[in-house]
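Using the UniProt record's numbering, the first residue of the sequence shown is number 1, and each one after it goes up by one.
Worth double-checking, as some hints may not be accurate.
[What the hints assert, rightly or not] Derived DSSO-like pairs (lysine-lysine); straight-line CA-CA distance at most 30 angstroms: (1) Lys269 - Lys203; (2) Lys379 - Lys298; (3) Lys287 - Lys266; (4) Lys200 - Lys382; (5) Lys200 - Lys269; (6) Lys318 - Lys382; (7) Lys477 - Lys287; (8) Lys203 - Lys246; (9) Lys298 - Lys266; (10) Lys379 - Lys318; (11) Lys246 - Lys269; (12) Lys318 - Lys298; (13) Lys269 - Lys298; (14) Lys266 - Lys247; (15) Lys287 - Lys298; (16) Lys379 - Lys200; (17) Lys298 - Lys477.
[What the hints assert, rightly or not] Label-pair ranges, simulated between beta-carbon atoms: (18) Ser352 - Thr275: 28 to 34 angstroms; (19) Gly228 - Ala419: 42 to 48 angstroms; (20) Asn335 - Ala233: 27 to 33 angstroms; (21) Asp245 - Lys200: 21 to 27 angstroms.
Just so you know, the hints here were simulated from the structure itself, not pulled from any lab data.
Each residue gets a CB set at the ideal place from its N, CA and C atoms; glycine is no exception.
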Amino acid sequence: MSEVEALYARILSLVKPRELYLSCNGVLQHDISQLKHSIKDVLAAYAKVEEVRDAVSQLEQGKPPSGRSDKKVKKKPKSVKKISEKEASSSSESSSSNSSDESEDDQKQVGENKTKGAEKVVENDESELKLAHKCLKQIMMVKVENKAIVSESRKLWIKVTKFKKGCSQETEEMKDKFTSLLAQVTQWQDGIFALDQLDKVQKTLGEMDGVVVRQATQVGEMAAQAAGLPWEACNRYAVHRLPADKKVKREPSDPDGWSPTEDESKSLKPFMLATEQSGCFMRVVMKYLGCVNLRPLKMHLTVADNGGDVYLIDRPYKCGGALCCPLEMRLNGMNGDYDEPTRIGRVREDFSPYLGRCCSSCCLATTYTDIERALPDGKYEKRYSLRTNLACCGRVNNCCAPSCCRNDAVYDILDPDGAVVANLQVSFGGGDCLRSCCRAGGGFTNYVLQFPRDSTPQDRVLLLAVLFHLDYAVFEKK
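Kindly produce the complete structure, drawing on both the sequences and the hints.
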């Protein structure tokens with residue numbers, strides 16, 4: 001691993017997205033500090049080498065060194081002087097007492113002693129010179145090692161300063177890669193979570209006998225309506241599981257059916273939420289023009305405990321079946337953001353045959369809505385049909401319902417053969433009369449839907465979509 005790669009490894013070991021740049025500066029400052037200490041050590045070693053080299057050169061030239069060895073060298077001549085003085089005194093005494101021959105022998109002995117003293121001085125000088133050379137050699141070895149350290153530090157510093165811009169760019173690119181990778185992993189997790197939630201919702205729908213849907217009260221919308229302002233808020237709904245001991249009415253006066261009060265419907269725990277997504281300006285304009293019930297929108301169906309979409313309802317702008325442009329809602333299953341939504345089906349106004357449906361709508365206040373499953377070839381297959389009679393002409397009498405006069409309105413769900421297989425109940429939600437009247441006056445409704453026994457989870461989600469279709473097409477314009 002090269003020096004630059006080692007530097008990268010040290011920086012990346014401290015990687016924190018918000019502190020990456022500061023960490024890089026900290027590593028560089030540490031390297032600069034080490035470089036300064038190395039330079040100081042080299043200068044000190046160089047000074048010692050120069051001092052020893054000067055001492056060695058002086059010893060080689062026979063001059064007294066100017067360093068620490070001067071004192072040791074100067075001590076030797078003093079000893080030589082003492083020896084010569086003693087020998088001189090002894091020679092003078094011997095010359096006065098002995099003969100001339102003996103004086104000659106003494107002089108020879110003194111000469112030998114002087115020669116031995118000089119040899120000792122030379123030997124001492126040579127030993128000091130060897131010691132100085134040895135010290136110089138050791139110091140030179142240390143100096144070479146310091147040179148290597150300084151060279152490596154200098155090369156590393158030059159590379160870092162030279163490629164500082166490139167390193168920063170590579171660091172930013174690496175951070176961008178980490179960010180994109182994290183976003184992709186999060187997206188995968190969301191997709192897996194959405195698939196898991198979709199399976200759970202379908203399993204839960206398959207185990208239910210029906211649902212209770214309560215539209216949230218919009219206080220601001222009610223205040224705007226009271227003031228005569230063309231304001232319309234986004235609709236919000238809570239989807240609850242129908243209690244096992246409750247049943248949907250087959251007719252408004254059915255004693256076995258359940259008419260939930262306001263408090264009872266609010267006490268239920270929701271398992272799904274439905275939220276409208278539409279433009280504020282578009283809602284205000286269409287409210288002012290009196291066609292707010294035709295507005296285009298998207299309806300997000302989410303799990304109550306989590307925020308991910310499991311179903312998405314798309315409602316394009318349509319003028320209505322009477323103008324040969326039937327109202328329609330398309331239902332898609334959400335498989336996560338990384339994949340295309342799955343087409344489940346659609347709910348669509350049934351105006352075929354056109355004249356017969358127009359007469360039924362105008363004269364009998366009865367409309368029909370088809371519930372169709374999507375096929376792989378892009379076509380649709382009719383599964384059920386919702387028959388909505390708003391007056392007294394029909395199987396049941398829904399005149400003045402839902403209201404305090406008639407608490408519930410009951411609509412029929414038909415199979416392709418026209419037989420009644422389930423019912424949809426719209427309840428007034430009694431209990432607190434004033435609050436219920438305010439909700440009914442504002443068009444905020446409560447629904448109780450029964451699922452057909454042979455329906456699949458996809459069919460049941462489509463039946464939930466036809467409930468929203470009915471709320472926008474009929475009760476939104478009240």
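Verification of the hints:
no., hint, in the structure
1, Lys269 - Lys203, "holds, 18 angstroms"
2, Lys379 - Lys298, "holds, 22 angstroms"
3, Lys287 - Lys266, "holds, 29 angstroms"
4, Lys200 - Lys382, "holds, 26 angstroms"
5, Lys200 - Lys269, "holds, 17 angstroms"
6, Lys318 - Lys382, "holds, 21 angstroms"
7, Lys477 - Lys287, "holds, 9 angstroms"
8, Lys203 - Lys246, "holds, 21 angstroms"
9, Lys298 - Lys266, "holds, 25 angstroms"
10, Lys379 - Lys318, "holds, 20 angstroms"
11, Lys246 - Lys269, "holds, 15 angstroms"
12, Lys318 - Lys298, "holds, 14 angstroms"
13, Lys269 - Lys298, "holds, 24 angstroms"
14, Lys266 - Lys247, "holds, 18 angstroms"
15, Lys287 - Lys298, "holds, 18 angstroms"
16, Lys379 - Lys200, "holds, 27 angstroms"
17, Lys298 - Lys477, "holds, 18 angstroms"
18, Ser352 - Thr275: 28 to 34 angstroms, "holds, 33 angstroms"
19, Gly228 - Ala419: 42 to 48 angstroms, "holds, 47 angstroms"
20, Asn335 - Ala233: 27 to 33 angstroms, "holds, 30 angstroms"
21, Asp245 - Lys200: 21 to 27 angstroms, "holds, 24 angstroms"
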